[in-house]
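Just so you know, the sequences run in chain order Z and F. Anchor point for the first sequence: position 312 equals 311 in numbering that gives the first Met the number 0, and the numbering is continuous, going up by one each time. Anchor point for the second sequence: position 222 equals 221 in numbering that gives the first Met the number 0, and the numbering is continuous, going up by one each time.
No lab work stands behind these hints: they were computed from the structure. These figures come from a predicted structure and were not determined experimentally. Check before you lean on any hint, since a few could be wrong.
Here are the simulated distance ranges between beta carbons [said to hold, decoys possible]: (1) Z:P406 x F:D155: 46 to 56 Å; (2) F:K193 x Z:E326: 40 to 50 Å; (3) F:R276 x Z:V514: 30 to 40 Å; (4) Z:L307 x F:D41: 34 to 44 Å; (5) Z:E443 x F:D218: 49 to 59 Å; (6) F:Y150 x Z:G325: 34 to 44 Å; (7) F:D218 x Z:N317: 36 to 46 Å.
No residue lacks a Cβ here, since even glycine has one placed at the ideal position from N, Cα and C.
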Amino acid sequence: MTHHIKEDFSIVIAGRAGQGIQSVAYLLTHVLKLQGYHVFANSEYMSRVRGGMNSTTIRVSSTKHDALRSSIDLFVPLDAGAYMHCKNRLTKNTLYLGLPNDRFCQGCVMEVDFAKIAQLVGNRLFENIVAVGAILGLMETDEIIAKEYLRKFFVKKGSDIIKKNQDALAKGYKMGTHFAFSQDISISLTSDDSIKEHLFLSGIDAIGFGALAGGCDFCAAYPMSPSTGLLTFFAQHGHECGVIAEQATDEIEAVNMALGASYAGARSIVTTAGGGFDLMCESVSLAGMTETPITFHVGQRPGPATGLPTRTAQEDLNLVLYAGHGEFMRVIFAPGSPCDAYNITAHALKIADEYQIPTFVLSDQYFVDALYTVDKNDFIMKDDAKKIIETDRQYKRYALTENGISPRGVPGFGDGLVCVIGDEHDEEGRITEDMHGLRTKMMEKRLFKRRELLETVALLPEIIGKKSAKTIVICWGSTHLAVCEAVENLANPDVSVMLFTQLFPFHKKVRKMFVKAQQIIVVENNAVGQFADLLEKECDITVDTRILKWNGEPFFVEELTERIMKAL
Amino acid sequence: MIASAQIKPDFNVAPSIENQWCPGCGNFPILQTIKNVLQKKDIAPQNVTLVSGVGQAAKLPQYIKCNFFNGLHGRALPVAAGIKIANADQTVIVSSGDGDIYGEGSNHLIHAIRRNPNITVIVHNNMIYGLTKGQASPTTSKKTIAPIQPYGVVSDPINPVALAISLDAPFVARAYAGNPSQMESILAQAITHKGFSLIDVFQPCVVFNNINTYQWFHDHTYTIDDDFDVADRVEAFRHAIQEDRFPLGVLYKHDRRSTYEEVAGTYVKDKKPLYLRKTSCAIRTALMLAQK
């Protein structure tokens, strides 16, 4: 039987935590990118340090496909339990590389004991490198590129280690090419030299660089999956880039440190997940009252409570939308791609600074942990000066102005004093209980005038497809790329995708964008359709179908294609 | 110009700002002491930031002319650390109550001492909740009858100075609102001392606390001799745990610890506060382009 796979190839490596799946995935993705292919990788893992069963999907393609396919083209089990773990994703066309299992293997089996071969090189530890070699050999990629990458990767470990790794790779490679020949397997992908120059980023890296582009210079956080990566990012690059990264003792401390720093003139971000954000809610309200700029990155995962700590969800839109007591303005963003994440995080910091409000970047486990090849030309760094003024003696922090924005001073810059307070206050930040005068004016300033301004600068949703399509499939955040691919698969000109990157408040034009639509479908990774509810309330529309998934997994392209098709 | 340079900074607010404290409150001498010390040290009001939480004591920044951040109940310390790390040139003083710092925010107290920003923390300790009308605070003595403790307080009170010494805070002192000159001398030392300084100030609540009155504090305190080694932690602790009569004065003072600002890396390359810095687009871009 022959196996000819073209343009799009999905590899899954699965095994126990601690077996080195991450290092296989790391080497493989980087070498494949250097071969000039588009690479997308996503890991799913258990909330434990050793054991359990984890897998990484690597999708290699000739044109960009940054979404997860359920069906596996090549399955590489590093452990016998991997079959059971991935059984729903194995098909009759799946190729198996490794130790077979008769209960699951339906098609082409390439039996190989990676550990045994590794021992020939001198140590079982090389088993992962043998596996990488076998996959690259099977794909008939350029072996020299892979060897050169290994040399650079292990350069600090010395020539002996480099040589042994290269030997292990070569043994695997030879075996892979042998299988390709003997089983008549051909995987034809078109390479593009320009991809070699692309950046290779995780979702959280894209958010981190976006924060740098947005002039962020302070980040405080308490570790919590899946949000910790942003604090790690700043801890590693902070000194170089002038960003203070502070691991706080808890989320309450983190957010209050960030507010203090922001008050003193920093551009602050905090990063947390839903449960950690619960603890920050009171400070969201304080940011609203004191008009202190701050940006929250909230990486979502399934709840309630501890929920599924390492899985994905879009369950916390309502949480950030309504967080904090009292009534004040906020802006909520959600990136749908690495490029969005970069631009939107920078924008969120800028909007917080300019409008002196809390802003939110909502991501999720699926997005932050995924790896993407991205064109560096889409990522432009610009300098963005903080909106801070040098104060004079007459300075009033809450001066009542036409548009409701009071120029922001910071302590020590100029002759004025900067007085901020969580109580209702007068223009100078002194406590007032003047309910008929100042209270009304300050509420107008913080809420009504601010809302008007923020609606005018709100980001419009992006439409992919015909603007006047009969059916609009709405998505937000990380479901975006899977929805786009699913709709592309339908090849139906009457179906368009509408991506919201700003979830609140909406631009006034948004209402008009639905006028021609006969059917509105909303896709969300939660159980009730939180965004669908918000759309119905804010835009006065009826959502016809809600395509929801809340088991902790992201959407696969195939299931979305099918569910959208059924809904039409 | 010469004449104006000699004018001492003025920390008094406009007379139109009405003070909300009760007549005779122990907060008044604390307020006056802060003003006196800042004036004598000739620190410009623009270079002082007062931070507080919620409560009667926490209203103090309202009545003094300088920068302030009057935030959430219990959360003054992380805010103060954030301000200090973003602008080490500011003199940062936290002034709040026992409920705020020792109750709602006690976790922050522990970790602020560990982090050790160069800030001064003045705790108005009146051993009662004033603004919420007389409930027990973390420093109320056991068996005290209060509206929510009609059968008497069941928990032991916190000993804040012993706690701070156990965490090796660089400066730990106790003052008494009834002895303003001693309080002034302590605060003057604390503001200049490098690192986290805690001053627990006994302060009578004249409305809700009829046990810990001016007379009671007078009878139950003593000034510690200044002939002991103030940098000796064990000796300091021996004084701090005296609770039949409470010691007043500087209990513990040393310079063995680096401050948060010194070790956080913020001021290694650049001494300027964050608001004056330009972010380097070139460095950030180069870092990004290295991600392949």
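To see whether the hints hold, each was checked on the structure:
In this structure the supplied range 46 to 56 Å holds for P406 (chain Z) paired with D155 (chain F), their Cβ-Cβ distance being about 50 Å. Between K193 (chain F) and E326 (chain Z) the beta carbon distance is about 44 Å. The supplied range of 40 to 50 Å therefore holds. Take R276 (chain F) and V514 (chain Z): their Cβ atoms lie about 49 Å apart, and the range 30 to 40 Å is violated. For the pair L307 (chain Z) and D41 (chain F), the supplied restraint of 34 to 44 Å is violated, since their beta-carbon distance comes to about 59 Å.
Between E443 (chain Z) and D218 (chain F) the beta carbons are some 54 Å apart, a value that agrees with the proposed interval 49 to 59 Å. In this structure the supplied range 34 to 44 Å holds for Y150 (chain F) paired with G325 (chain Z), their Cβ-Cβ distance being about 37 Å. Separation of D218 (chain F) from N317 (chain Z) is about 57 Å and departs from the stated range, judged on CB atoms against 36 to 46 Å.
Hints 3, 4 and 7 from the list above are not met by this structure, while the remaining hints are.
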